[in-house]
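Visitor: Sequence:
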Amino acid sequence: VQLVESGGGLVQAGGSLRLSCAASGSISNTKNIGWYRQAPGKERELVARITSGGATNYADSVKDRFIISRDNAKNTVYLQMNSLKPEDTAVYYCNADDIFKAHYWGQGTQVTVSS
Numbered sequence: 012v013q014l015v016e017s018g019g020g021l022v023q024a025g026g027s028l029r030l031s032c033a034a035s036g037s038i039s040n041t042k043n044i045g046w047y048r049q050a051p052g053k054e055r056e057l058v059a060r061i062t063s064g065g066a067t068n069y070a071d072s073v074k075d076r077f078i079i080s081r082d083n084a085k086n087t088v089y090l091q092m093n094s095l096k097p098e099d100t101a102v103y104y105c106n107a108d109d110i111f112k113a114h115y116w117g118q119g120t121q122v123t124v125s126s
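Heads up: the sequence shown at position 2 corresponds to 13 in the numbering used here, and the numbers run straight through without jumps.
If you are wondering where the hints come from, they were derived from the structure by calculation, not from laboratory data. Quantities reported herein were computed from a predicted structural model and do not represent experimental measurements. Honestly, I wouldn't trust all of these hints.
No farther apart than 27 angstroms at their CA atoms in a straight line, the calculated lysine-lysine pairs in the DSS-like style are these [unchecked claim]:
no., residue 1, residue 2
1, Lys85, Lys42
2, Lys74, Lys53
3, Lys112, Lys42
4, Lys85, Lys74
5, Lys53, Lys112
6, Lys74, Lys96
7, Lys74, Lys42
8, Lys96, Lys53
9, Lys85, Lys112
With the sequences and hints as input, model every part of the structure.
Guide: Here's what the structure looks like:
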């Protein structure tokens with residue numbers, strides 16, 4: 012499975028961005044797809060995850076601001092990020108796991124929120 016993220020950039024606090032994660036390869040075996048982020052000097056953390064059945068879960072810090080969704084026809088998962096804060100600044104990574112419990116990562120996309 013190959014994952015390619017896009018949509019990052021520089022935005023002012025209070026603004027919005029939509030990240031995309033396009034999957035290719037053996038995607039029929041994928042189960043959950045999630046967005047993680049890693050800020051400088053911090054550990055990588057889960058932001059949001061969506062299952063193959065469409066169930067979602069979010070980190071407390073992004074609940075009510077971020078929305079994860081998937082378009083199975085396009086093999087793409089989105090992360091709509093609203094009301095962005097400077098503390099949302101990080102490299103955002105897409106992650107997928109499959110029925111064999113293997114994990115796959117994208118290359119990451121930088122999100123910078125200015126105050």
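Visitor: Kindly indicate which numbered hints from before are broken by the structure, ordering the numbers from low to high.
Guide: none
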